[in-house]
Amino acid sequence: MSDAGAGSSGAAVRPRLTAGEIALAVGGRVLGDPAAEVHAVAPLDRAGPEHVSFFASARYQALFEATQAGVVLVAPELAESAGAATAVRILVAKPHEAMLALLPRLYAQPAREPGVHPSAVIGRGATIAEDATVGPNAVVGDGATIGARAWVDASAVIGAGAVVGDDSHVYPHATLYPGTRLGRRVAIHSGARIGSDGFGYVYQAGAHQKIPHVGICIVEDDVEIGANTTIDRGSIDDTVIGAGTKIDNLVHVAHNVRIGRLCLLMAQVGIAGSTRVEDGCILAGQAGVAGHVTIGRGARLAARAGLFGDMPAGETWSGYPARPHKEALRTQAAMWRLAALVRPLERLLARDAAKSKEDAGGTE
Amino acid sequence: MSDAGAGSSGAAVRPRLTAGEIALAVGGRVLGDPAAEVHAVAPLDRAGPEHVSFFASARYQALFEATQAGVVLVAPELAESAGAATAVRILVAKPHEAMLALLPRLYAQPAREPGVHPSAVIGRGATIAEDATVGPNAVVGDGATIGARAWVDASAVIGAGAVVGDDSHVYPHATLYPGTRLGRRVAIHSGARIGSDGFGYVYQAGAHQKIPHVGICIVEDDVEIGANTTIDRGSIDDTVIGAGTKIDNLVHVAHNVRIGRLCLLMAQVGIAGSTRVEDGCILAGQAGVAGHVTIGRGARLAARAGLFGDMPAGETWSGYPARPHKEALRTQAAMWRLAALVRPLERLLARDAAKSKEDAGGTE
Amino acid sequence: MSDAGAGSSGAAVRPRLTAGEIALAVGGRVLGDPAAEVHAVAPLDRAGPEHVSFFASARYQALFEATQAGVVLVAPELAESAGAATAVRILVAKPHEAMLALLPRLYAQPAREPGVHPSAVIGRGATIAEDATVGPNAVVGDGATIGARAWVDASAVIGAGAVVGDDSHVYPHATLYPGTRLGRRVAIHSGARIGSDGFGYVYQAGAHQKIPHVGICIVEDDVEIGANTTIDRGSIDDTVIGAGTKIDNLVHVAHNVRIGRLCLLMAQVGIAGSTRVEDGCILAGQAGVAGHVTIGRGARLAARAGLFGDMPAGETWSGYPARPHKEALRTQAAMWRLAALVRPLERLLARDAAKSKEDAGGTE
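Protein chains in written order, with the numbering used here: chain F, 1 to 364; chain Z, 1 to 364; chain D, 1 to 364.
Quick caveat, the hints were computed from the structure, so don't treat them as lab data.
All values derive from a computational prediction rather than experimental measurement.
Careful: at least some of the hints might be erroneous.
Note that the list lumps identical chains together, so a pair holds whenever it fits in one copy or between two copies.
[Said to hold, decoys possible] Here are the simulated DMTMM-like cross-link-like pairs (lysine to aspartate or glutamate), alpha carbons at most 25 Å apart as the crow flies:
1) Lys357 with Asp166
2) Lys210 with Asp221
3) Lys326 with Glu358
4) Lys94 with Asp352
5) Lys355 with Glu113
6) Lys210 with Glu80
7) Lys326 with Glu21
8) Lys357 with Glu327
9) Lys355 with Glu97
10) Lys210 with Asp166
11) Lys210 with Glu97
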């Protein structure tokens, strides 16, 4: 057993801030004791005297009245609200944004200590920047490259010849298959598998013969990929995730898919092989996309939608199979009204048929 | 290379039981040789002379006739059934429950050997109970706490400052992100990620800027979380999994979600951010729940349902979008009858429109 | 820190081939310089002078015209197509298949070096074939068996008593729970969990009591299982994956399920407990199958279908709940036409009801 030293996701140390310091930081005005101290943030209903919270909408009046928070950021239009008797109020235009701005002051980033942990295993010919971190029990394969200030966290596995760009973070238990390339400032969360073999077989001689996958997976700059997501390598082409795109947990991206820049893919989305997702698209949770289709620039696919064909740029589609959202809503509404109509309609049709027959006399 | 000793999930050693001992254990009556010995359980169609099986419903008569089981627990009303010629029968009121009661007698629990394996890496200031187990190649971060009789299994990673409560078991390759808190008797299965960053961004200056996630994930007592499930930490609030709740494999729980006590979440369920699931709810496989909604106490959501709004306590809902189950069934039934009606209805409407026009004469 | 030597997924070394050698290998005819050299494959739009590509359909004429590929395999009927001015053409009957045949010539398989890496941890009584590979930081539990030429890759965990058959490959971070049995030539991709506990509880005394899972998971010969897929062990019975079946990423297979031979299960499919999938079935992406149902031999379930009952052999079903595909398509088509009909139909019914009342006079 040895020290977890390098890259052990060092525990956050929480500084303290006074109400006066907070007001200064967010450009707000203190109502109450400017010396009141807090060391963390919390929502109104879970805050105690050591927390700063925020009150941005009259909708949360009841929570505001009952809160135990030490300091509350309050929207100016709510300044006179009753409640939060023990709290120091700070009036500020956008309390939620002000709160986010405070976070770096109250929460230190986990400390990354440069160096290779003695328990890490480094392959032949691997290149590791001097100020990079390779954590305990991590494995870096032959010929891999770890960039400046990059962090290969505890028990991560970097395949042979893979590249981790500058300032990227590969979290614990993430895997890069051989040859995978990460750009700069990329985050690969725990358990994500990047560059795994695609699902491609040819049925020959009574068996599913595997198609070799010689393409790789390229992840461009500023991409974040969620926990336990899988992104397959290309077969002959490569799989590409465009710069600035963010992918949530448990998403599946199949071989040869190309995702553009600045897209958002939410949890449990699945994209089949060779599909193109152009820049700025949003795919909501559990949506599924067939193979070999194109989703045009800036398009949005609703949660749980199932897309089986191309989708034009800029549109919002939903449903199964997915259709333009307004059309899908109309169909849905009609469906819910249908149950009450089916029997009367069947009776009406029966009567109509009988009448037609009668009108036609015995001529049939 | 070293010995896998501590926490290597020691192979089960199977004791033997005679028919007489089994009858005594389950309160049954032996028909046949009480000295017949078995050492494992199996279903009728896969059992051999070394197995005890059970026969609880006439529906399985054919399997009973063909079984090779050495001993069969038989419901009293089936005592006279033909078949199982070579088996010793034990008559007992509820054969399936009796079978479950036998399991601890026939299958030893994997042995957990207390101690920290020499290949494990322990962070600065971590506290590990003397009778806890830390397995081979596990990593325990700075300032983490491992409780009495807790088991951090092979290659698990416990983040800095995280807490593993007494008698909890973190299976191989599971990850606790820094600060995660597990209660007592919690099981985290292989590859589950607890406390990963939530999916929260603000679009500013041409990029998706990450919202810092300073909340944690709290898992209360007696929770079990399945393999490869992901549970995000809170952003400002915490994510909470209530006591006694059980979560299956590949489930996604987003940031700030609060799940009550004694819920069941089945495989591949997804829950978006800030949703509340009250006590005793059941969410069946592949169901999806939108963000910021509330599922009332004891409610049930059917398999593959997609819930986009609040759901009242005690109700059962299904479909997409989810509706009360009876309503959803009526709509479904109407849908299946619709295909046969559409053309006749279109013809009827056309005739009706023509007739209206005719009735109106040339006045249009 | 030590050398990653054994099993470090050695970087692929790429040999070079001339156009003449390629033509000989695929039985084609060179148009141009037979000495032109390439060392990799790429699709037309991403190929450079160092790549061989293929042109098999007039649909890709524009890409062919613009390609920078050094060598292009061209279907004979496209031999005279304009474009690819700088490329050597090789005429060959089925360019795509010829391309696949070239892959083993251009891409060396990752080298596997036999032996147990010094950082691996081996349990008591484990048996490891002399020519097997156990990679860095892998853990092999007590009494486990690793077959000839098998590869337990970096950081994989093989549970106590588990068996890895000859020529099988357990990729980085995959987990076999204790007792799991893999046949020969099996591939378990990164992060897959085989033999995890099933989701089975009995509600007693105010808590969900866990049903012990004493069955195991048996994976037969030539099975491939994708990244982050989870396959639970049996409760009393075993879970079985039949020979030659291929399973994609993020699939869930519950306890006691039996899947036949030569099936294909695509990404994010979920199968609930005790279901039987017979030989040669195909379950497309995100499909869900209820527990205790049977899918007959050679049946196909469409992407995102939700199956709640048995499905006959040889049929193709789709939709939610799943129905025979033609029926589901008819219903879908009717649904899309419904929105336009609902209002006129409601008016028609209203008029009809009014008329009936009128006809009935005051007699009601």
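Okay, the hints, checked on the actual structure:
1. For a Cα distance limit of 25 Å, the shortest separation of lysine 357 from aspartate 166 qualifies neither inside one copy, at 81 Å, nor across copies, at 75 Å.
2. Only between protomers do lysine 210 and aspartate 221 lie at most 25 Å apart by alpha-carbon distance; the minimum there is 14 Å, versus 32 Å within a single protomer.
3. Taking identical chains as interchangeable, the C-alpha atoms of lysine 326 and glutamate 358 are never at most 25 Å apart, the minima being 43 Å within one chain and 34 Å between chains.
4. Proximity of lysine 94 and aspartate 352 under a CA criterion of 25 Å is satisfied in neither setting, with 65 Å inside one chain copy and 58 Å between copies.
5. Taking CA atoms no more than 25 Å apart as the test, lysine 355 paired with glutamate 113 passes in neither setting, with 88 Å inside one copy and 84 Å between copies.
6. In this assembly of identical chains, the alpha carbons of lysine 210 and glutamate 80 never lie at most 25 Å apart, being 69 Å within a copy and 33 Å across copies at closest.
7. Taking CA atoms no more than 25 Å apart as the test, lysine 326 paired with glutamate 21 passes in neither setting, with 49 Å inside one copy and 58 Å between copies.
8. Taking the shortest Cα distances, lysine 357 and glutamate 327 never come within 25 Å of each other, neither inside one copy (38 Å) nor across copies (29 Å).
9. In the homo-oligomer, the alpha carbons of lysine 355 and glutamate 97 never lie at most 25 Å apart, since the shortest distance is 70 Å inside one protomer and 63 Å across protomers.
10. In this assembly of identical chains, lysine 210 and aspartate 166 lie within 25 Å of each other by CA distance solely across copies; the values are 18 Å between and 35 Å within a copy.
11. Taking the closest pair of Cα atoms, lysine 210 and glutamate 97 come within 25 Å of each other only across two copies (13 Å); inside a single copy the shortest separation is 51 Å, beyond that limit.
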